[in-house]
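Student: Below, each chain spelled out in residue letters.
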Amino acid sequence: MDISPKIRNNLKVRPLYILFMIFGLQVGVGIMGAPRFIFMESMQDSWISILIAWAAMVIVIYVMFQILKQYPNADIFGIQVDLFGKWVGSILGTIYILFFLASLLSVLLTYVNVIQLFLYPTFPPIIIGSSVLLLAHYCVIGGVRSVVGAAFLFSVLPLWLLFLLYDPITRMDWYHFLPVFQSSIPELLKGAKSTTYTLTGFEILFVFYPFLTKKNKVLKPALFGVTATTILLLIFMIISIGYFSPDELKKDDWATLTLFKSVSYPFIERLDYIVVVGWMMVILPNLVILLWASSYGLKRLYRIKQKSSLHVTFVVLIVLVGFIKENHIIYKITDYVSQVSFWLIFVYPLILLPIVLIKKKWLSKKKKGSDAK
Amino acid sequence: MNYRMILVFILSSLFLTSCLSSQEIERLGVINTRGIDITDQGEIELSLVIFQFEAQSQNFTKVVSGKGSTIKGAVVNAGLETNFILAPGKIQLDLFGKETAEKGILPYLDTAKRDANIPDTMLLAVSNTPAKDMINIQEQNISMNIGQFLHDLIQENGTGQKFPNVSLQDFITTFYDDGQDPLLPIIDLQDNKPFIAGIGVFKEDKLVGELPNGDLLYINLMEGNIKDRWLEISLSMEPFKEFLKNEPKDEEELHLAFNIIKGDSKSKLKEKKSLKYETEVMMDVNLFEISAEIPLDNEEVRKKLEEEVNKKIQSDYERIFSTLQELNADPFDYGVLYRIKKKDGKLTTEEWSEIYPDIKVDFKIKTNIIRHGITN
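Taken in order, these protein sequences are the chains called A and B.
For what it's worth, UniProt numbering labels the leading residue of the first sequence as 1, then goes sequentially.
For what it's worth, UniProt numbering labels the leading residue of the second sequence as 1, then goes sequentially.
Calculated directly from the structure, the hints in this document are not laboratory data.
For every residue, glycine included, the Cβ atom is placed at its ideal position computed from N, Cα and C.
Hints may be right or wrong, so weigh each one.
[Unchecked claim] Short derived list, chain B residues pointing at chain A, Cβ under 8 angstroms:
(1) 15
(2) 116
(3) 169
(4) 172
(5) 321
(6) 344
[What the hints assert, rightly or not] From the derived model, a few chain B residues whose C-beta atoms are all more than 12 angstroms from chain A:
(7) 174
(8) 178
(9) 286
(10) 343
[As the list claims (entries may be wrong)] Take a look, some chain B residues computed to stay more than 10 angstroms from chain A by CB distance:
(11) 19
(12) 40
(13) 80
(14) 89
(15) 90
(16) 120
(17) 121
(18) 136
(19) 167
(20) 289
(21) 315
(22) 342
(23) 345
(24) 369
(25) 370
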C-alpha cells in the first residue's frame, strides 16, 4: 500500500476544519456523564484535573503533529506500515479500526440507553439505533466532504443548549469549591485520567491529516479544537460542582443532563426532554466521523471498497445494539473503550515519535553514507 | 435516491410510530399534586390531584387515592379508581402529612430522583393535617383546583426569594450537603382554607420542629438578598416617650411598618476554636407606617429608632437561633462555614450535631432608614 495516500485536490479541505472534526468527535455521550466520574476521583478540585488533561492533550497533539510532519502526506495507517513492515503495521492499523468501531458501538449504546431512561423505556433499542445510524450511514455515503460538513454543522448547532444553563448557574453554591487544593496529586491525576473517555477524538488528526491543505497550518486549529472541548467540559464540571451537593453528584450518572432538569418555562415545562432529543445532534458527528474513519481505514489497509465495508459495519452494529441492553454491559464496554483509548491515544504517540525520529536519522545517515561512496 | 427508496422511508416512518407507547391526552390523568401519608398499618397512602381532559366531564380535576407499600405501587393502586392512565411528568407539588414528615421523607424523594420522568422543579411542603384531608378540600372555598392553589400559594410567597419555594432539587442538595439542614413550608387549614402556617424545621430528612410564619422574613434574610418586602415591628414606647410631641398616651408599644428596599446578610466564623460566629444583617428600609408621632427629622430620634429596631430584630434572631439549636437543626448553614475552615473540608452529620449546640452566634443588625415619608 502507499504510505502517503493520493488525495484528489477537490477532496481536500482547509486546515480550519480539523477544529470541528476534533471538537465534533470529542463532544458526545462522554460529556453527559463526565462530571460524576471526574468528581469521584478528585472531588471539588476536579476542575484542576481537567486542566491537567488539557495540558496532556496539548502535548500529545504536538507530538502527533511532529510525527506527521516527518512524512509529506501520510496517515497513521501508512506510517505504521512504513515503520514496522507490512504485517505488524497492518495489525496495528486494524487495532485502530477496531477501536473506532468499539467507540462507535459504545456511543450508540449509551445514547440508546439515555433515550430509554429519559423518554421511552419501551422503545426498542434496535429501532432507535438503526434510525440514528441510518442517518450517519447516509452522511458517510456522501463522501469525505459531507462528513466534514456534518462535523462542522452539528458541532455549532447544539451550542444554543448552553444558554439554558443560566438557571443552574443561578442556583450554584460556591462554598462547594472550598476548601480548594484538597486532593492529592495522584488523585488529581486519576481525575485527569477519568476524562479520557470524554476527551478521545483528537486521534482523528492521525487519519484525517492527508485531507488537509497547507500542512504547516494544521497545528493551531487542532489545538483550538481540544481547547474548545476542554472549556465546554470545564463549564459543565464547574456548574455541576456548584449545583449538586457532593454526595448527590457521586450518585448521578447523567449529571450534565440533570442540570437541564431544573430549567422550566411556562410554555415548555420539561426542557430536559428537548435536551435529550437535541443531544442527537451532539452525537451525530461522533457517529459520522467514526463510521467514516473505520471504513476509510479498511479501504487503506485491505483495499475493501468503502461502501461494502460500510454496509457490513452497519448491519453488525445494528445487531449488537439490538442485543445488548443490560446497563452493566454497556458500562463495561464504555470502560473498556476508555482503558484502551488511554493507551492508544495518549501514550502510543509518545512511543511512536522517537521511533519515527530514529528511523529518519538512520535513513539520512544511510543516504549520506551511500552518497559518500 | 430513487422513488422506491423514498417510498420505503415514508412507509417505515409511518409504521415506526407504533414502536412508542402512545399517550393521547384524552386518555391521560396528568398528576398535579401528590399527598403522601402513612397509614397505621405502615402502608403509603397517596392522594393524587389529577387533570383530565374529557369532553363529557365538566370537571377538569379529580382526586384519586391509592395504597401500597411503595409509591409506585400506590400509584398503580390509585389507577384502579380512574379510567385514565396516570402520568407523573408534570407533578408540581408533593405534600407530606405531618406524621410522615416526622418519620423522614427521603425514601419518597429517592424514587422521585431516580425516575427521570418526575420534574426536579416539583415543590415540597408539609401539611399540618394529614395530606389526604388537605387535598380533599372542597373547591368552592378556593375557587380553583386545590393542587394548583397550593402550588401557587407557595410559589407566590416565595417569588424572588428562596424560601418557602423549595423544589425537589433544592431539598436534595441541602440534605446531602454536610452542615446544612432544609426547611419546608407548613400548610394548615383555617375555616377550610389552606394557608402557610409556619416553617418546618428539618433535621436531615425528618421534621423536628416549627417556627411561626412571622419569621418567614428573617429566614429569607438569611437565605440571601431580598427586595421589596414588608417588615412589621413593635417596639416598646418607653425610649421614645420624651420625644412625643402630643400628649403622651397610654400606649405601651410603638408599631412600625417598613418596606425593605434591600436586605442582605453575611455570616462568618470568627474564631474556630471557641466556635464564635458573627452574622451581619443589613437592611435599607423606608418607613411607611408609625402608630405615634415622633419627630423623625431629629437626627437623635432617628438614630434612637434605628437602634431600637436593631435591638428588636437581634432579639428575634436570637430567639429563632436558640430554638434551632434546641432542635439541633442548622438551616442557616453555619456548618458549611465550619467545614470549609477544616483542613480536609469534610464534616459528618454526627460530628456537626455534637458541635452545633455549642456554637455562639453574634447577630449584628444594621438598619438604615432611608426615607420616612411626610414628616411632622
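Student: Of all the hints numbered above, which does this structure not satisfy? Sort the numbers upward.
Tutor: 1, 5, 7, 8, 10, 11, 14, 15, 16, 17, 19, 22, 23
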